[in-house]
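Residue numbers (this note's numbering), protein chains in the order written: chain A, 29 to 164; chain B, 2 to 338.
Hints in this document: simulated from the structure, not taken from any laboratory. Treat the hints with caution; some may be incorrect.
DSSO-like cross-link-like pairs, simulated, lysine-lysine; straight-line CA separation at most 30 Å [what the hints assert, rightly or not]:
{"#": "1", "chain 1": "B", "residue 1": "Lys268", "chain 2": "B", "residue 2": "Lys227"}
{"#": "2", "chain 1": "B", "residue 1": "Lys188", "chain 2": "B", "residue 2": "Lys300"}
{"#": "3", "chain 1": "B", "residue 1": "Lys212", "chain 2": "B", "residue 2": "Lys102"}
{"#": "4", "chain 1": "B", "residue 1": "Lys212", "chain 2": "A", "residue 2": "Lys30"}
{"#": "5", "chain 1": "A", "residue 1": "Lys108", "chain 2": "B", "residue 2": "Lys52"}
{"#": "6", "chain 1": "A", "residue 1": "Lys132", "chain 2": "B", "residue 2": "Lys52"}
Here are some chain B residues pointing at chain A (derived, C-beta under 7 Å) [stated by the list, open to error]:
{"#": "7", "residue": "Glu8"}
{"#": "8", "residue": "Gln11"}
{"#": "9", "residue": "Tyr12"}
{"#": "10", "residue": "Pro57"}
{"#": "11", "residue": "Thr60"}
{"#": "12", "residue": "Trp64"}
{"#": "13", "residue": "Pro65"}
{"#": "14", "residue": "Phe125"}
{"#": "15", "residue": "Ala127"}
{"#": "16", "residue": "Gly238"}
{"#": "17", "residue": "Glu246"}
{"#": "18", "residue": "Leu257"}
{"#": "19", "residue": "Gly266"}
{"#": "20", "residue": "Asn290"}
{"#": "21", "residue": "Tyr293"}
{"#": "22", "residue": "Arg302"}
This one's a predicted model, so the numbers in the text were calculated from it and none came from an experiment. Note that beta-carbon positions come from the ideal geometry of N, C-alpha and C, so glycine has one too.
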Amino acid sequence: MKKEELPQDKKIIKGEDNTLRKVLYVTDDSGNYESAQSDGWEAENYALTQAWEDIDEHIAETRDKVKNGEVSPIAYFMLKNLMDIPILASYVGKWKWVVKRHLKPSVFKKLDKETLEQYASVFNITVDELTKFPTA
Amino acid sequence: MIIDNFEHHQYAHCESGVTVNLLRYYGVELSEPMIFGIGAGMFFGHLPFVKVNGVPGTTFRIWPGYIFKRVSNQLGVKIKVENFKTPEKAMQALDEVLASKRPAGMMASVYYLNYLPPAFRFHFNAHNLIAFGKEGDEYLISDPVMESVAKVSSEDLAKARFAKGFPEPNGRMYYPVQAPKTVDLTKPIWSGINQTCFFMLTPPVPFFGVKGIKFLGKKIKQYPAKLDPRRSALYVGNIIRMQEEIGTGGAGFRFLYAAFLQEAGKKFGNDELLRLSQEMTTIGDQWRNFAYSAARTCKARSGELHSYDELGDMLIDISGKEKDFFEKLKKVAKSWN
Numbered sequence: 029m030k031k032e033e034l035p036q037d038k039k040i041i042k043g044e045d046n047t048l049r050k051v052l053y054v055t056d057d058s059g060n061y062e063s064a065q066s067d068g069w070e071a072e073n074y075a076l077t078q079a080w081e082d083i084d085e086h087i088a089e090t091r092d093k094v095k096n097g098e099v100s101p102i103a104y105f106m107l108k109n110l111m112d113i114p115i116l117a118s119y120v121g122k123w124k125w126v127v128k129r130h131l132k133p134s135v136f137k138k139l140d141k142e143t144l145e146q147y148a149s150v151f152n153i154t155v156d157e158l159t160k161f162p163t164a
Numbered sequence: 002m003i004i005d006n007f008e009h010h011q012y013a014h015c016e017s018g019v020t021v022n023l024l025r026y027y028g029v030e031l032s033e034p035m036i037f038g039i040g041a042g043m044f045f046g047h048l049p050f051v052k053v054n055g056v057p058g059t060t061f062r063i064w065p066g067y068i069f070k071r072v073s074n075q076l077g078v079k080i081k082v083e084n085f086k087t088p089e090k091a092m093q094a095l096d097e098v099l100a101s102k103r104p105a106g107m108m109a110s111v112y113y114l115n116y117l118p119p120a121f122r123f124h125f126n127a128h129n130l131i132a133f134g135k136e137g138d139e140y141l142i143s144d145p146v147m148e149s150v151a152k153v154s155s156e157d158l159a160k161a162r163f164a165k166g167f168p169e170p171n172g173r174m175y176y177p178v179q180a181p182k183t184v185d186l187t188k189p190i191w192s193g194i195n196q197t198c199f200f201m202l203t204p205p206v207p208f209f210g211v212k213g214i215k216f217l218g219k220k221i222k223q224y225p226a227k228l229d230p231r232r233s234a235l236y237v238g239n240i241i242r243m244q245e246e247i248g249t250g251g252a253g254f255r256f257l258y259a260a261f262l263q264e265a266g267k268k269f270g271n272d273e274l275l276r277l278s279q280e281m282t283t284i285g286d287q288w289r290n291f292a293y294s295a296a297r298t299c300k301a302r303s304g305e306l307h308s309y310d311e312l313g314d315m316l317i318d319i320s321g322k323e324k325d326f327f328e329k330l331k332k333v334a335k336s337w338n
C-alpha cells in the first residue's frame, strides 16, 4: 500500500468515536517501507459495526426471551458481558453442558444461592439483580 | 516507582511491539519488521470448527508467545517466562520484577483494559503489554498499540492476566534477563525466513499456511448455500477484522513482512529479497482488495451466490500467489546456506 492511499476513516461505532490511531506499514514514492499512523479504514469499521449490531440485536432478543420465560436471566447477562457458553463455563468453573442447563428457566429457578452468587460475581452484579431480571 | 530509562514507542502489532520495546531497554535496537521476521510471526490459519461467539476462527499470525521466544533465542537473549496459579502470586511477582528495575511483558485480555475504546473490548486474551512502573494502585503500561503510556488499576490488570476462555493467559509474565552486547543478525534473519517458509508451505492439514487460504476461499463460496445472509456476513466480517482491525500493520501482517524482507535485502545487498519484498507488497494489496470487496458484500447483505463466489476466488488466487512466493523465498534462503 502506498503512503498516499493510507485511509484515515474514523471509527464511529453506534454514534461514538472509537478511533484508535494505529501504525501501518506503507511504501513511499521510491517503494521504501515506512510506518505511518491511520485512524482506520471503512472496510474494517464496517466489519466492527456489523459485529456490534449483531451483539446488540442478540441481547435485545434474549431480553424478550427471558421476559417470556423461554430462557433464564443467565442467558441475557452472558451476552451482555460478551460471553458465549464456553467462556462463561470457564469463568464459573463448570462444564459447558451444566451452564447450558442453567439457561433453562426451570433449572435456573432451582439453583442454590452459592451457584447464583458465582454467576452474579462473574457478571459483576448482585444475586437480586440476576434473579429479578427483567424488573420492568 | 517508575523505571525511568524505559521508552514507550507505538508499533503495529502487540507481541512484536512488546519485544522491540523490551529489547531496546537492554540495548538491542531493532525495528518492528526485523523482530517480526526473525520471530517468524507471519502465518495463516482457518479453523472452521473452533468458534468464538459462533464465528469460525481465522488467524494471520503464529501462536501467542512464539515471536518473543524465538527472537530471544535467536539473538542469544536470556529470558524468563512464568505462569502463575493465582492472581495474588502473579501480581506479587510482577511487583518484585518491577522493583528489580525490569520492565515486564505480560499476556492479557483486552476486555479489562479501560484505556482502549469500548468497541475494541472483546474477550480477546492474546494481547501483550509491558508494565514499567507503579504509582499508588495503578500500573504504568506500555501497550504497543497505544500512542502514549497508559495506566491500569491493579484490580483490572489482575483480571486481564487471569481472563478465562481461549487462550488463557494464566498470568503469563516474560522479560529478558540478560542480553548480549552485540548481535549478528545474519543467521537469525535467514533462519526466520526458513521457518516462515516451513509454516506456510508444509503443514499437512488443509487449515494452515497457503493451503489454509485456499481452504477458506472454498468455504466462503459455500456460505450462501449453508448459512443465512446474516451469518454469512458475520463470518466474512470476522476475517476482515482479524486481517485489519488492530495490530497487523495492514493486510494481515503482509506489509509488515514485506517491510522485513526489504530491510533484510538492503542489509545483505540481496536483490532477490528486495524483489520478493515488492511481490509481497502486491500480495498485501490483494488482501486489502479482498477486505474491501468483502465489506461491500457484507453491506449488501444480499447473500448472492455471485459475490461470495468472487470473494472465494480472490482468496484462491491469493493462495496460489503466496505458494509461488514462498517457494521462491525458500530457494533464495537455500542459496544462502
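- Item | Distance restraint between B:Lys212 and B:Lys102, which requires alpha-carbon spacing of 30 Å or less | Measuring from Cα to Cα gives roughly 45 Å; hence the hint is violated.
- Task: Using Cβ atoms only, decide whether B:Arg302 comes closer than 7 Å to chain A, and label the hint accordingly.
- Result: violated, 9 Å
- Message: What's the verdict on B:Lys188 and B:Lys300, does the C-alpha distance respect the 30 Å limit or exceed it?
- Response: violated, 47 Å
- Item | Supplied contact hint for B:Glu246, tested at 7 Å Cβ to chain A | holds, 5 Å
- When the least beta-carbon distance from B:Gly238 to chain A is tested against 7 Å, hint result: Status holds, d = 4 Å.
- Task: Given the hint that B:Lys268 pairs with B:Lys227, test it: the Cα-Cα distance must not exceed 30 Å.
- Result: Violated, at roughly 50 Å.
- Query: Does the CB of B:Gly266 sit less than 7 Å away from some CB of chain A?
  - Reply: violated, 11 Å
- Under the criterion of a CB-CB separation shorter than 7 Å, is B:Gln11 in contact with chain A as hinted? holds, 6 Å
- Message: Please check whether B:Phe125 passes as an interface residue: C-beta within 7 Å of a C-beta belonging to chain A.
- Response: Given a least distance of 10 Å, the restraint on B:Phe125 is violated.
- Holds or violated: are the alpha carbons of B:Lys212 and A:Lys30 at most 30 Å from each other? Measuring from Cα to Cα gives roughly 28 Å; hence the hint holds.
- Between A:Lys108 and B:Lys52, does the CA-CA distance stay at or below 30 Å? Holds - the C-alpha atoms of B:Lys52 and A:Lys108 are around 19 Å apart, at most 30 Å.
- chain A contact restraint on B:Thr60 - CB to CB distance below 7 Å: violated, 16 Å
In this structure, the earlier hints numbered 1, 2, 3, 7, 10, 11, 12, 13, 14, 15, 19, 20, 22 are contradicted, and the remaining ones agree with it.
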